[in-house]
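Here is how the chains run, residue by residue.
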Amino acid sequence: MFFNSFEFAVFLWVVFSLYWLSWKSIGRQNLVLLLSSYFFYGWWDYRFVGLLAFSSCIDFYVGKLLHRSRSPRAKRYLLGVSLLTNLGLLGVFKYYNFFVDSFQAAFFSSGQTPDWLFIDIILPVGISFYTFQTLSYTIDIYRGKIVPTNDFIAFGAFVSFFPQLVAGPIERASQLLPQFGKERKFEFDKAVEGGQQILWGLFKKIVIADNCAVYVDQIFSNPSGYPASALLLGAFFFAFQIYGDFSGYSDVAIGTARLFGFELMKNFAFPYFSRDMAEFWRRWHISLSTWFRDYVYFPLGGSRGTMFAVVRNVAVVFLVSGLWHGANWTFVCWGILNAIYVLPLVISGRNRHHVDSIPARPSVMDLIKILFTFSLTLIGWIFFRAENVGAAFEYLSLLFSLSIFELPEMSGAKGALITLCLVVGFVAVEWWGRLSDYGIQRIGRYGWKIRWMIYYILVFCMLIFGSFESNPFIYFQF
Amino acid sequence: MLNRDNIGRFSLRLIYFSIPIVAILIAVNVCGDAGGLFSKGELEKELAAYLNDGQNVGNIPNVDERLLQKFLIKDQSDRPDVIVLGSSRSMEIGAQFSTNSIFNHGVSGCSLEDLIAIVQLYRNRGGLPGKILVCVDPWIFNASSGQVRWKRLRAEYNEFFRTRPPVRAEMAESWVLQMISPSYFQDSLKLCPGKLFGRAKMTTFENGKTNRLGMGRFFDGTISYAASFLVDEAEVKRRIKRYTRGDIYSLGGFSDLSGRLIDDWDELIRSVVEAGTIVEFALLPYPAEVYRIMVADVRYAGVGKFEKFLSKYARSNGIRLLGSLDGGKFDLTSQDFYDGMHLRRDSLRKVLGNLNL
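If you read the sequences in order, they're chains A and B.
Note that numbering that gives the first Met the number 0 numbers the first sequence so that position 262 is 261, with each residue one more than the last.
Note that numbering that gives the first Met the number 0 numbers the second sequence so that position 95 is 94, with each residue one more than the last.
Next up, chain A with everything else stripped away, as it sits in the complex (with noise of 0.2 angstroms):
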């Protein structure tokens, strides 16, 4: 069930109603959890609860024998049996038809590979989230970070929490887990940001992502057919769906959170006012970005030692992450771009020029900074949404003619343009609120009838104003 649903309002109501008169026991709120996440996946595909149970046992009973396990090669064969689990199923779910796939294109004419290596797969949704998560809790026993759980009930919620199973944030266990063990409390100013932040999220699903969707769609469907302004428009347009979208699905999940007393990690953190590459990296899907310089590039050396170590990490880990995204050439022409990108700030030692916030009066170096960090991002955009790479470098080289200067004729021109107009003013609400966790974090520190007038402008745009269609959220693919 999608979070901007009329069956998850439904449902979220029936679990906090549960959870809360739960309160007397930690392991029946646990188990509330549990068994409501269980549900809610299985509302989505009955089929892959299995897969989640699955993979949630293998690395409880992992955790265990490795924490009690002396032997350093006991410990390396346990946590290989955590990953090949874990990576063995997200490749095979996900990766497997893509590989067949380009292995034929690289070594055999069409028609020689025959039909039966291609299987056909349903990727399990939020896969690539959940098995990463429960890859923290084994990777951090074995380098000794925590200790293992015995309480299956709590881990297996930890695993499957619903507000943050199918798009992230990713969790760490020693953030997450701990959570499950403690008394939570229900605190009235917690749960009211978390309503706040759900309000914000469900806007910027309903109201920004989903309007620019309708455009993106038509104008990336058919880019020959628009001149280069509708094209930039689209790359625009996808820019602010995605961010819409997943950040926007993101505050619901904290929100969501928070209303059961849990603190979610901050997943996003105004990524588009980023003065460099580095920056944006630190600022666009925290918990997957830091999941990778955690896992992968500390591991392999990060910056220390050679020129070509710190290329060759730099490169592996936006390759990964390309392909961690979906089973295509343009995520990994995409995790590529990125690494170009961000490899000459690691190279000269800039990548850690912008660690501080966007100061309250920018300087027009800042805002040039930002206009330019925001133009590479729009060209890795278009990668990332093409349907290949092709695809990708014809909308490249159509979007670079002298067509930029005519009007960008499209269907629904006036459609179009409302939608502009929104994301212009959701970006004005975003810059208002750059300090805080989210864009109307803000407003805490007006009276109620200011803020329930805020709240209220929120709801009547979204009524008003809202794509109402199924429009899944796109990191739901992933």
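Chain B regions said to be covered by chain A (calculated; three or more residues, Cβ under 8 angstroms):
1) 183–196
2) 237–245
In silico lysine-lysine, DSBU-like type, Cα no more than 30 angstroms apart, as pairs:
3) Lys44(B) - Lys130(B)
4) Lys240(B) - Lys189(B)
5) Lys307(B) - Lys328(B)
6) Lys413(A) - Lys236(B)
7) Lys200(B) - Lys44(B)
8) Lys349(B) - Lys304(B)
9) Lys448(A) - Lys189(B)
10) Lys240(B) - Lys413(A)
11) Lys73(B) - Lys39(B)
12) Lys189(A) - Lys23(A)
13) Lys150(B) - Lys200(B)
14) Lys130(B) - Lys349(B)
15) Lys413(A) - Lys189(B)
16) Lys413(A) - Lys200(B)
17) Lys448(A) - Lys265(A)
18) Lys150(B) - Lys73(B)
19) Lys194(B) - Lys413(A)
20) Lys194(B) - Lys39(B)
Hints in this document: simulated from the structure, not taken from any laboratory.
Since we're looking at a predicted model, the values are computed, not measured.
Note that beta-carbon positions come from the ideal geometry of N, C-alpha and C, so glycine has one too.
Use these hints to put chain B onto chain A, whose structure you have.
Okay, now just chain B, sitting in the frame of chain A:
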């Protein structure tokens, strides 16, 4: 730990917050009532009365076209000799093509289910007219056309297929859910000002006079477009260009003809012919540039198959087939169209020739 006061306070605040939203949602949905769910069809009845009385009507607000057909047919004093069935693309075929009494029962986005239901409405009234001109749009065999408005005439559709399990109303169509539906809110909101301030008042106009009163209908059921729809050639050219961007109307996913729809079509035509009614088919053209894109794009592979099928079907059943989807065959230019799919009234003769129904 549970703090009862906090949870109670939070829950109550949430309920207080939601009440005005739900109230406004319901109010707008009931007032605007985009789908006529909460009305008993007063507007449609009034319009049907004018048209059955032989009057031309202008300034027609948004009406449920399917419900309108129901009242038109039910309350007719005399059955017309000829009827025209089809979508908005054929809504201007009327008295100019017949010396007999003729009525156009076109509905926007007409699907095969609409054709079936309207034929059944006539059956329920006592019998079919002597002749039916079916203006066939390619999407009627597209299972992915997305046309759902025929469900307003679900009862008649189910009646036609008596031996089949009836098509039931989906939960989403229930008026209770529509009352709080955000998408229904958006459609209904546009209609509220007209309904509240009485701007949408139908007015009759005389024969031979130009309708300057918004969207209208002539006495023969044909449509009279609002002035805002009648634009200059430059704008028509832009409309035609925009038309093919994104999916062409109701042809998305049209890779093949639906077997089920072909069977239903055959059952419809056979039943009409067996009842003694003469059936003729008409294919109304698209602009040549739109047609070229339709037949070349694999997304619309069904269009070519549709033309071949219909031609063969008409031939093998001895049914006259007029026209073609290809505007180029009739040397039509952008001046002959309103947009990417609607042929102008004055240009119909170029396609239908000296047709006298």
